[in-house]
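So the sequences go chain by chain: A and B. Following the working numbering, the numbering of the first sequence begins with 63 at its first residue and continues without gaps. Following the working numbering, the numbering of the second sequence begins with 6 at its first residue and continues without gaps.
Source of the hints: derived by calculation from the structure; they are not laboratory data. There could be a bad hint or two in this list.
[Unchecked claim] Under the rule of at most 30 Å between Cα atoms (straight-line distance), these lysine-lysine pairs were calculated in the DSSO-like manner: (1) A:144 / B:285; (2) A:116 / B:174; (3) A:128 / A:116; (4) A:169 / B:223; (5) A:160 / B:223; (6) A:144 / A:160; (7) B:174 / A:128; (8) B:95 / A:144; (9) B:174 / A:160; (10) A:144 / B:174.
[Claimed, not checked] Computed list of chain A residues with no C-beta within reach of chain B, every gap over 10 Å: (11) 74; (12) 144; (13) 235.
[Unchecked claim] Part of the chain A face toward chain B, derived, beta carbon under 7 Å: (14) 75; (15) 115; (16) 119; (17) 137; (18) 142; (19) 262.
For each residue, glycine too, the CB sits at the ideal point set by N, CA and C.
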Amino acid sequence: MPQVRVDNLSVGYDRHPAVADLSGVFEDASLTAVVGPNGSGKSTLLKALAGHCKPLAGRIDLGGLKPSEIAYLPQAHGLDLKFPLTLQDLVGFGFIGKRGLFGALAKSDRERLRSLMVQVGLEGLERRPIGSVSGGQLQRALFARVMAQEARLVLLDEPFNGIDARAAEDLAQLMATWPGEGRTVIAVLHDLDLVRRLCPQSLVMARQAVAWGPTDKAIAPAQLVRARKLAENWNLADEPPAAVLQQEHV
Amino acid sequence: MVAGDAMTLMALKSAAAGAVALAFGGAPLGVLMIARRLSLMGDALSHGILPGVAIAFILAGRDPVALTVGALTAGLIVAGLSSLLARTGKLPDDASFAIFYLSALALGVLLLGKMGKADEMEALLFGSTQALDAGGLALAGAAASATLIGLALFLRGVLGEGADPVFMKTLGARFGLSHLLLMLLLALNLVAGFRAFGALMTVALMTIPAAAARFWAKGYGGQAAWAVALSAVSGLLGLFLADVWGVEPGALMTLCAALLFGASAVAGTNGGLLQTRLMKAHLRGLKA
Numbered sequence: 063m064p065q066v067r068v069d070n071l072s073v074g075y076d077r078h079p080a081v082a083d084l085s086g087v088f089e090d091a092s093l094t095a096v097v098g099p100n101g102s103g104k105s106t107l108l109k110a111l112a113g114h115c116k117p118l119a120g121r122i123d124l125g126g127l128k129p130s131e132i133a134y135l136p137q138a139h140g141l142d143l144k145f146p147l148t149l150q151d152l153v154g155f156g157f158i159g160k161r162g163l164f165g166a167l168a169k170s171d172r173e174r175l176r177s178l179m180v181q182v183g184l185e186g187l188e189r190r191p192i193g194s195v196s197g198g199q200l201q202r203a204l205f206a207r208v209m210a211q212e213a214r215l216v217l218l219d220e221p222f223n224g225i226d227a228r229a230a231e232d233l234a235q236l237m238a239t240w241p242g243e244g245r246t247v248i249a250v251l252h253d254l255d256l257v258r259r260l261c262p263q264s265l266v267m268a269r270q271a272v273a274w275g276p277t278d279k280a281i282a283p284a285q286l287v288r289a290r291k292l293a294e295n296w297n298l299a300d301e302p303p304a305a306v307l308q309q310e311h312v
Numbered sequence: 006m007v008a009g010d011a012m013t014l015m016a017l018k019s020a021a022a023g024a025v026a027l028a029f030g031g032a033p034l035g036v037l038m039i040a041r042r043l044s045l046m047g048d049a050l051s052h053g054i055l056p057g058v059a060i061a062f063i064l065a066g067r068d069p070v071a072l073t074v075g076a077l078t079a080g081l082i083v084a085g086l087s088s089l090l091a092r093t094g095k096l097p098d099d100a101s102f103a104i105f106y107l108s109a110l111a112l113g114v115l116l117l118g119k120m121g122k123a124d125e126m127e128a129l130l131f132g133s134t135q136a137l138d139a140g141g142l143a144l145a146g147a148a149a150s151a152t153l154i155g156l157a158l159f160l161r162g163v164l165g166e167g168a169d170p171v172f173m174k175t176l177g178a179r180f181g182l183s184h185l186l187l188m189l190l191l192a193l194n195l196v197a198g199f200r201a202f203g204a205l206m207t208v209a210l211m212t213i214p215a216a217a218a219r220f221w222a223k224g225y226g227g228q229a230a231w232a233v234a235l236s237a238v239s240g241l242l243g244l245f246l247a248d249v250w251g252v253e254p255g256a257l258m259t260l261c262a263a264l265l266f267g268a269s270a271v272a273g274t275n276g277g278l279l280q281t282r283l284m285k286a287h288l289r290g291l292k293a
């Protein structure tokens, strides 16, 4: 069973680690929320797992997953909204991993695409240009693309930020079903109520792991306060604290 | 057009066929170039082929094969070097292209001037339909076919890399593959068109109809179809007018494309001026 393991992982820019000495395991078919204050390395961790930046030190073991088996939704989607592309085209990109860059969509793919559009609530909007829909509708399409990818590992960076509450709730419910389909989901989230409601596992980050384990224990007020204090210290000195905190296994 | 009536008719017929082939090959590429904000790449390539053509001309005279090979080689070198410089991220893309195509243009001018063939320059930039022989026509047809087949095969990758580069990177798609393909096809169409219609005018017939198509359709397929139609109409209309007035057609074809662009910008159903005006008036009506 592929699980995602990180060992003494440090990732950063210009030799300043945004993630420092992180070790742990994301179990196969688990749903883990990554929470923590701004600048605590959450997005950097996801970027490294997606293969978009190289670790400064330590290693990432994806358990033999290929790049095409990873779906990554970055915080800023990076889409060129002026591009002449319909929502349907966008979701169709999800099949590139399976069919290759040059292969045509099979009939089964087109049927799957149709049912995905219904599932994410975009029925009837298939032919709308990507630049003409709301943030929530675009995010629904990007979720449909994640599902089209049939990815084993799904990395979501603040997927519900800046979209309407209805879309956020629909998509969060959808996300919660993915572990049941054998996908490992790692999501950076801010809404702690949502985390408690839907995510069995949590990782509280402040460059290192402050707490990592079952959500009810990891997201205790004490851990969050610790994470914030650590982050505040760094913001003052922009250096990791002298006394490296021991990770608490809960 | 110096030859007799029968010759003119032959030349006109093959020029018409060439213009339609160029429409099918060039216009879908034009839509992609505009979408990827690379329309300057067409200009860069069109100037970039000059030194290659000049060298071929010096070595082999008016031999069509040599001219074509020279143009293709020089075009690919300029496109490759500009892309490499752009990839370093030190300069914006358009600046990278400008540096190489202006240098190439200067080199071409110098080479042709040195040979005492400065008047060839005009034919190169603005074209001469007499140059479109059977071989040239076959090349135009081949360029159009290669473009349509290439796009049919690679379209999802090309669109994906343009619209969502982060996604393609996660998939492990080798960056630049679709960019390279786009450039190759562009160079091929340019080389097929430049001897008849001129390098600059060929690019104009790729990009101006593609820009006009934005006012008619939303998705890539629709825009490409509109661009092909507008490009073919501009080409044929320009040829007809050139025949009536007895001038070389390249400039007239481009001006026809520009007129159609103007008409599209006003009357287009996808954000044309009239439509936006009407919608505003409609909204004012609601408020009042």
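So, going through the hints one by one against the coordinates:
Note on residue 144 of chain A and residue 285 of chain B: the hinted pairing holds, with a Cα-Cα distance of about 22 Å set against a maximum of 30 Å. Between residue 116 of chain A and residue 174 of chain B, the direct Cα distance comes to roughly 14 Å. Compliance with the 30 Å bound is thereby established for this hinted pair. Restraint check for residue 128 of chain A and residue 116 of chain A: the C-alpha separation of about 16 Å stays at or below 30 Å, so the hint holds. Between residue 169 of chain A and residue 223 of chain B the alpha-carbon distance is near 25 Å, which keeps this suggested pair within the 30 Å criterion.
For a cut-off of 30 Å, the pair hint linking residue 160 of chain A to residue 223 of chain B stands: about 27 Å separates their Cα positions. Between residue 144 of chain A and residue 160 of chain A the CA atoms are separated by roughly 27 Å; this keeps the pair inside 30 Å, and the hint holds. This hinted pair checks out: residue 174 of chain B and residue 128 of chain A have alpha carbons roughly 13 Å apart, not beyond 30 Å. Between residue 95 of chain B and residue 144 of chain A, the direct Cα distance comes to roughly 25 Å. Compliance with the 30 Å bound is thereby established for this hinted pair.
Distance hint between residue 174 of chain B and residue 160 of chain A is fulfilled; the C-alpha atoms sit about 15 Å from each other, no more than 30 Å. Our distance criterion of 30 Å between C-alpha atoms is met by residue 144 of chain A and residue 174 of chain B, whose separation comes to about 20 Å. For residue 74 of chain A, the requirement that its beta carbon stay farther than 10 Å from each beta carbon of chain B is met, with the minimum near 19 Å. Non-interface status of residue 144 of chain A relative to chain B is broken: a Cβ of that chain comes within 10 Å, the nearest being about 7 Å off.
Residue placement check: residue 235 of chain A keeps its beta carbon more than 10 Å from all beta carbons of chain B (closest about 24 Å). The closest approach between the C-beta of residue 75 of chain A and any C-beta of chain B is roughly 15 Å, which is over the 7 Å cut-off, so the hint fails. With a least beta-carbon distance of about 11 Å to chain B, the hint placing residue 115 of chain A at the interface is violated under the 7 Å criterion. The beta carbon of residue 119 of chain A is not positioned within 7 Å of any beta carbon in chain B (closest approach about 23 Å), and the interface hint is therefore violated.
At a threshold of 7 Å, the smallest CB-CB gap from residue 137 of chain A to chain B is about 11 Å, leaving the interface hint violated. Interface restraint check for residue 142 of chain A: the shortest CB-CB distance to chain B comes to about 5 Å, inside 7 Å, so the restraint holds. For residue 262 of chain A, the interface hint is violated, since its Cβ never comes within 7 Å of a Cβ in chain B; the closest pair sits about 25 Å apart.
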